[in-house]
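Undergrad: In order, the protein sequences belong to chains V and U. So the first sequence is numbered by our numbering: it starts at 1 and just counts up by one. So the second sequence is numbered by our numbering: it starts at 1 and just counts up by one.
No wet-lab data here; the hints were simulated from the structure. Accuracy of the hints is not assured; some may be wrong.
Since the list can't tell identical chains apart, any single copy or any two copies may satisfy a pair.
What the hints assert, rightly or not - Calculated cross-link-like contacts (lysine-lysine; reagent style BS3-like; alpha-carbon spacing at most 30 Å):
1. 95 <-> 53
2. 262 <-> 234
3. 262 <-> 195
4. 278 <-> 378
5. 262 <-> 53
6. 195 <-> 234
7. 182 <-> 278
8. 378 <-> 95
None of these values were measured; they are calculated from a predicted model.
Number of protein chains: 2
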Amino acid sequence: MNVADWNIVLQNIAGNMDVSIINIGDELLLGQVVNTNASTMSRMLVEAGMEVKHVQVVADDYAAIREAIGGTLAGTDAVLVTGGLGPTKDDITKKVLCDYFGSELVESNEALDNVRRIFAQRGYPLTEVNRAQALVPRCCEVLNNDLGTAPCMWFGGEHVLVALPGVPFEMEWLMRNRVIPKLQATFQTGVVRHKNLLVQGIGESFLSDLIEPWELSLPPSLRLAYLPAAGMVKLRLTFRGGAGELDPTPQYLPGLYELAGKYIVGEDCETLAELAHKRLIAMQATLATAESCTGGTIASRLTSQAGASAYFRGGVVAYSNEVKEAALGVSHATLLTHGAVSEATAREMSDGVRARFCSDYAIATTGIAGPTGGTADKPVGTIWVAVSSRSRTEAQLLQLGSNRRQQNIDRAANHALAMLIRML
Amino acid sequence: MNVADWNIVLQNIAGNMDVSIINIGDELLLGQVVNTNASTMSRMLVEAGMEVKHVQVVADDYAAIREAIGGTLAGTDAVLVTGGLGPTKDDITKKVLCDYFGSELVESNEALDNVRRIFAQRGYPLTEVNRAQALVPRCCEVLNNDLGTAPCMWFGGEHVLVALPGVPFEMEWLMRNRVIPKLQATFQTGVVRHKNLLVQGIGESFLSDLIEPWELSLPPSLRLAYLPAAGMVKLRLTFRGGAGELDPTPQYLPGLYELAGKYIVGEDCETLAELAHKRLIAMQATLATAESCTGGTIASRLTSQAGASAYFRGGVVAYSNEVKEAALGVSHATLLTHGAVSEATAREMSDGVRARFCSDYAIATTGIAGPTGGTADKPVGTIWVAVSSRSRTEAQLLQLGSNRRQQNIDRAANHALAMLIRML
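Isolated chain V (complex conformation) (with noise of 0.2 Å):
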């Protein structure tokens, strides 16, 4: 079998399961939640190898619920329902369910179990509303929810129907922990591999010219995704094979290296803020942050993971000129020649926390974060980075063009860190 052939059996045998999700919940149609939902299920799906065609929301009403089932089912290999499970008068999911599947509520011993499990950890009595939580149609098999009381059912077939609480951490523990091994073992999906490569200092179009003909060489078993945020791109390389199938990751990235390497800041990360955190830790070094247009969005990005204390000394949001000169030991006469947005002035916050901290790195920035205060030599978006290690400073002039704050301030804290893990 030659090499074309081959690739058009590995396409066969993965990649071609495909699911519908139907999110239900008032709430998502009157904008009061974002349907994190949605997302979060898409990307481990195709992550785990299968192909999601197609989302849809609909309020918690029977009608609508019973249309969107209906209307889906016989087209898809799995459907994939969350929300409406709870024990209140307006989550009425399980009766659609019974219904449409020509079935009946029952108790399952399993479910109940763990309701009483649940209610037992937390100390509260078990009530009759909370008992219901026990209810599942006849004809589902229950898969046990270990982080709620609120129970996932699979309702198995040609096309399968799996319903989930649409709470999100417990959607998300049940869809890695149970129902994508089982969708899985059902469909047979084969192999699937992810590879993320973080690349900042180069925009997503002018990447893609430059890579285009390494992209072009990929074998069909290797799909590349672009993924931009502000100010970088991260790259997804995914593996689809079948069982026992080579993954050619390994021989395609130095291609890449060699095209782009010096704008490939790290692997297997999602953000800038988990590639610094990871790499000092493994470092044993510490950190120090001084912000000022960025205003703590460094030093929040790095210590919401957890472990952050480590390494992460502390830091200064130095907004005032006051603050710069005695949070930072920033020099009056910097301040006054210079300005506040300033090469001198990024460099002595850069060096000042770092001293004073006594890590062994720091970041600083210091601009104009808009949409108002900026002049003609300094317009909205000019802002300094530094970085300094025990041994040197290192400073850089971003001049961003756009006067929305929060992406100039997310573009210039991406900027930072990646700074910062250069030098690292």
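Got chain V sorted already, so can you dock chain U onto it with the hints?
TA: The following block gives chain U in isolation, referenced to the frame of chain V:
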């Protein structure tokens, strides 16, 4: 006409126009991007007095888009479609719309002028690919997009279809300035007004029990929504009425304050950070922050708002004990005797940052955000919050009883902001 009849008339005048949303984009089905467009659009439509019946997400695929439009348009007053309007080969919405409405693509002078204007602004030459952005189906009306080159297209008739670009800030601007006013004029949706109240210090279900008698007394023209966030609840009271109808909100508000006044932190803001921001600016007072467990989140939320430099002098992210001592003046003895997570440390952090940064007010947080790091005495979720003015310092203990790090950080940040606002 008695009150009951009048209310029935009101309900018939207002809120009976329904909308479906179709968001097009492979990136949404791959889970690479969270579909914030759907929630933004839903919220704007609901606030403008319309009802969102259904949201669906489909791939950049001719058949999928055509099926979604065909299956939706006849059953709803208006269908709003986002995405697929760019100049690249993936973007096929215009082709589908042309075929669906039996029209043909023509160059719109208005759209071309807009493309020219935007390219001139950016200083780029106009290429053939970009010029193609001005092609639209002959049967549509172009709604001018001030922020981008993709046109917004209105297809009128008994059932209206509007196609918008998927870029969030362009979509939002077009919704606010073009699409919603035109939908309101076309469907005569009546008057809609909102009143937001920020409530803190009571859980959603307890709040609901507490104000139930008041909620039951509301006339049908007023609708109450609970919008819970980390450690707080936003109550939104929505009035919908016919032209000239009096908004009864002012006469009902005192009843709410009578029952729950002590938990209401303020009105007419979306977040506690926005409320603190506005109050401090109005008072011409200044603020400094000293954050341990919240790691810069409070500073970052305040400074993400334009104009924060008017009151925010700066902050310290005091992650290590050394920084608490050196940068905030917390005494070594306090840290030894009471520990970093203690009332005494929180008070000294707050007083220290206020004195050192010469501000009128200060906020401090210190605690164990988790998921690990707790002890029997101080389990994960134990957090002290302090706020100071020139004349006094207050401290409160939170026992959040959860090991979910981000949630604990967000709840502590909101608690601290509410304490500050109450002190102002």
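Undergrad: Evaluate each hint against the coordinates.
TA: Each hint, compared with the structure:
{"no.": "1", "hint": "95 <-> 53", "result": "both (26 Å within a copy, 20 Å between copies)"}
{"no.": "2", "hint": "262 <-> 234", "result": "within (15 Å within a copy, 47 Å between copies)"}
{"no.": "3", "hint": "262 <-> 195", "result": "within (18 Å within a copy, 52 Å between copies)"}
{"no.": "4", "hint": "278 <-> 378", "result": "between (35 Å within a copy, 27 Å between copies)"}
{"no.": "5", "hint": "262 <-> 53", "result": "neither (37 Å within a copy, 49 Å between copies)"}
{"no.": "6", "hint": "195 <-> 234", "result": "within (10 Å within a copy, 41 Å between copies)"}
{"no.": "7", "hint": "182 <-> 278", "result": "neither (32 Å within a copy, 51 Å between copies)"}
{"no.": "8", "hint": "378 <-> 95", "result": "neither (62 Å within a copy, 44 Å between copies)"}
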